[in-house]
Each structure stands twice: as structure tokens, then as C-alpha cells.
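Enquirer: Sequence:
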Amino acid sequence: MKFSLYTPFARYLSYIILIVVAAFMLAPLIWMTYSVFKPTGDIFRQPFALPVSFDLSNIVDAWQFAQFGSSYINSVIVTTISVLGILVFEGAAAYAFARLNFPGKRILFIVFLVGQMVPAQMVVLPSFIQMSFLNLNDTLLSLIFQYWSWAPFAVLFLRASFLAVPKDIEDAARIDGAGRMTILWQVVLPMTRSAFATIAVVYSLWIWNDFLFPLVYLRSADNYTVPLGLAMFQGTYTTYWGELLGAICIAIWPPLIVYLLLSRPIQSSMATGSMKF
Numbered sequence: 001m002k003f004s005l006y007t008p009f010a011r012y013l014s015y016i017i018l019i020v021v022a023a024f025m026l027a028p029l030i031w032m033t034y035s036v037f038k039p040t041g042d043i044f045r046q047p048f049a050l051p052v053s054f055d056l057s058n059i060v061d062a063w064q065f066a067q068f069g070s071s072y073i074n075s076v077i078v079t080t081i082s083v084l085g086i087l088v089f090e091g092a093a094a095y096a097f098a099r100l101n102f103p104g105k106r107i108l109f110i111v112f113l114v115g116q117m118v119p120a121q122m123v124v125l126p127s128f129i130q131m132s133f134l135n136l137n138d139t140l141l142s143l144i145f146q147y148w149s150w151a152p153f154a155v156l157f158l159r160a161s162f163l164a165v166p167k168d169i170e171d172a173a174r175i176d177g178a179g180r181m182t183i184l185w186q187v188v189l190p191m192t193r194s195a196f197a198t199i200a201v202v203y204s205l206w207i208w209n210d211f212l213f214p215l216v217y218l219r220s221a222d223n224y225t226v227p228l229g230l231a232m233f234q235g236t237y238t239t240y241w242g243e244l245l246g247a248i249c250i251a252i253w254p255p256l257i258v259y260l261l262l263s264r265p266i267q268s269s270m271a272t273g274s275m276k277f
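Position 141 of the sequence shown, counted from 1, bears residue number 141 in full-length UniProt numbering, the numbering being contiguous throughout.
Check the hints yourself; a few may be wrong.
To be verified - Label pairs and their in silico Cβ distance ranges:
| id | residue 1 | residue 2 | range |
| --- | --- | --- | --- |
| 1 | L163 | A49 | 34 to 42 Å |
| 2 | L56 | L134 | 41 to 49 Å |
| 3 | S220 | Y6 | 56 to 64 Å |
| 4 | Q186 | P103 | 44 to 52 Å |
| 5 | V21 | P190 | 47 to 55 Å |
| 6 | S220 | A92 | 18 to 26 Å |
| 7 | A23 | P103 | 52 to 60 Å |
| 8 | L100 | F44 | 41 to 49 Å |
| 9 | A120 | S14 | 51 to 59 Å |
| 10 | L261 | I30 | 18 to 26 Å |
These aren't lab readings, by the way, just hints derived from the structure by calculation.
For clarity, every value in this text was computed on a predicted model and none was experimentally measured.
Backbone N, C-alpha and C fix where the C-beta goes; we use that ideal spot for every residue, glycine too.
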């Protein structure tokens, strides 16, 4: 007897497996959400007990502890500017690789492919020396420049989305008198907005949660981002668990909001089929 994925038993079994997996993934988030309202002493003394009262002191203390509020604002600034720059610069490079003909195009594209294969840890030291030469270390600009230059995946992904746009549509717009920039802004970009939304979400999550680059380039606590700010809650001999949970609850909201706002274009992009590389 062959096992079919379309039988009621298989369907119910898949539902059960998905529910169990979702429960394991959501359990830490749910525990953190209600534990943040408990006093620090009760977090591990009664880990599964619900809070008696909703006390916001952990969240308030987290915002004021070790300048975490400043770290939060720095992360918002760095993530916003970096993602916007990636969409503009990498989007322009992707369109050039997809539609323009220029000398050395194939060689430059191979360079981008190689950049996708090189681990970020290998370029930390050369980039640090470069930022020191430009006197940009310990500034938010050093992070922004690194994120702008370290996004080869965005070029490859957006190039694939541009190649998926039929040339006949662009030719029809060109016959109607539209220039290249008009075609790009009014024809191509509206048809590839799902790909841009995907890149925005992917790089927003990466930049918001990145620990390596801020650890290397930032030294002053005034310039710390959220990952470094969270590390400040763990001391040599103790960890401020209540304030740490409060800081995490504050930190998860921006990427969650970005995903909720852009999830529909991403899902539609996944449902439209494969892209051509």
C-alpha cells in the first residue's frame, strides 16, 4: 500500500507536525513576553508562573540601563539608511547587469559572484584599516558604508528579478517615447517591487541583528547598536535578566513591524514562480 500525501491521514499528520514545530518555536517568545512583567527574582524562581501584576519596570529600566535607548536609536538610523542605500545602489547595479551592455560586464558580474562566496569575517581587518585611514572608525558612517558595500546577494537577486521582466514590455514603452529612466521608474520597478521588498526584509533583519561589524568598528557606548547594547546587560559576575528581557522585548518590534508590512509582497513573489539567473 502506497503512502499518499493527499489522504486525510497525511493531511492531519502534517497539521500535527506543524503545530508541534510552531509550539517549540513560539514557546521561548511567549515565555519571554510574560516573564518581562515579573520581578527579576521570580523569573527563575517560578519560571512558568504567570505574573501577578503587569509591572513595566523591567522595560523602563532596560531603556535607561547602559544607554540602551541610545543604542536603539542608533540601530534605527543605521538600519534605515543602510537598507535604503542597498535598495538604491544595489538596485542600480542589478539593472545595469540585467539590461545594459558595457565593457567588462561579465568580469564585473563574476566579481560579484565571488563576493557572494567570501565570508564577511575575511574582510573585517582590511575594512577596519580602510575605515581607520578615512578616520571613520567609531562612527555610524563606518557601519553604513560596510553594509552598503557588503550586499552582493542583493545584486544577484534583483538582477534575476529584472531579467524576469519581459523585454517586450520595455520595448513597447520605448516605442511610446519613454526614456530609460522613465521605463525604469514607471515600468520595471512596479513589476519588481516584491523583489525589493524581499531584499528590504532580509537586509533589515541582518543589519538589525548584526553583532560582528558593530563590535569591530564601534568603541564608544554612545555609538553602540542594539546587539552591543544587549551585551551590556551581561556583566562579568552577574546578568540583569529582568532588564535583559525588557530590552529584548523592545528590540524585536522594529524587525517584526518591517516583516508584517512587507510580508504580503514577499509571499506574492514566492508564489509567482522561479526567477532566471
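Enquirer: Indicate, hint by hint, whether the structure satisfies it.
Expert: So, going through the hints one by one against the coordinates:
no.: 1; hint: L163 - A49: 34 to 42 Å; verdict: violated (56 Å)
no.: 2; hint: L56 - L134: 41 to 49 Å; verdict: holds (43 Å)
no.: 3; hint: S220 - Y6: 56 to 64 Å; verdict: holds (60 Å)
no.: 4; hint: Q186 - P103: 44 to 52 Å; verdict: violated (29 Å)
no.: 5; hint: V21 - P190: 47 to 55 Å; verdict: violated (36 Å)
no.: 6; hint: S220 - A92: 18 to 26 Å; verdict: violated (33 Å)
no.: 7; hint: A23 - P103: 52 to 60 Å; verdict: holds (57 Å)
no.: 8; hint: L100 - F44: 41 to 49 Å; verdict: violated (60 Å)
no.: 9; hint: A120 - S14: 51 to 59 Å; verdict: violated (37 Å)
no.: 10; hint: L261 - I30: 18 to 26 Å; verdict: holds (23 Å)
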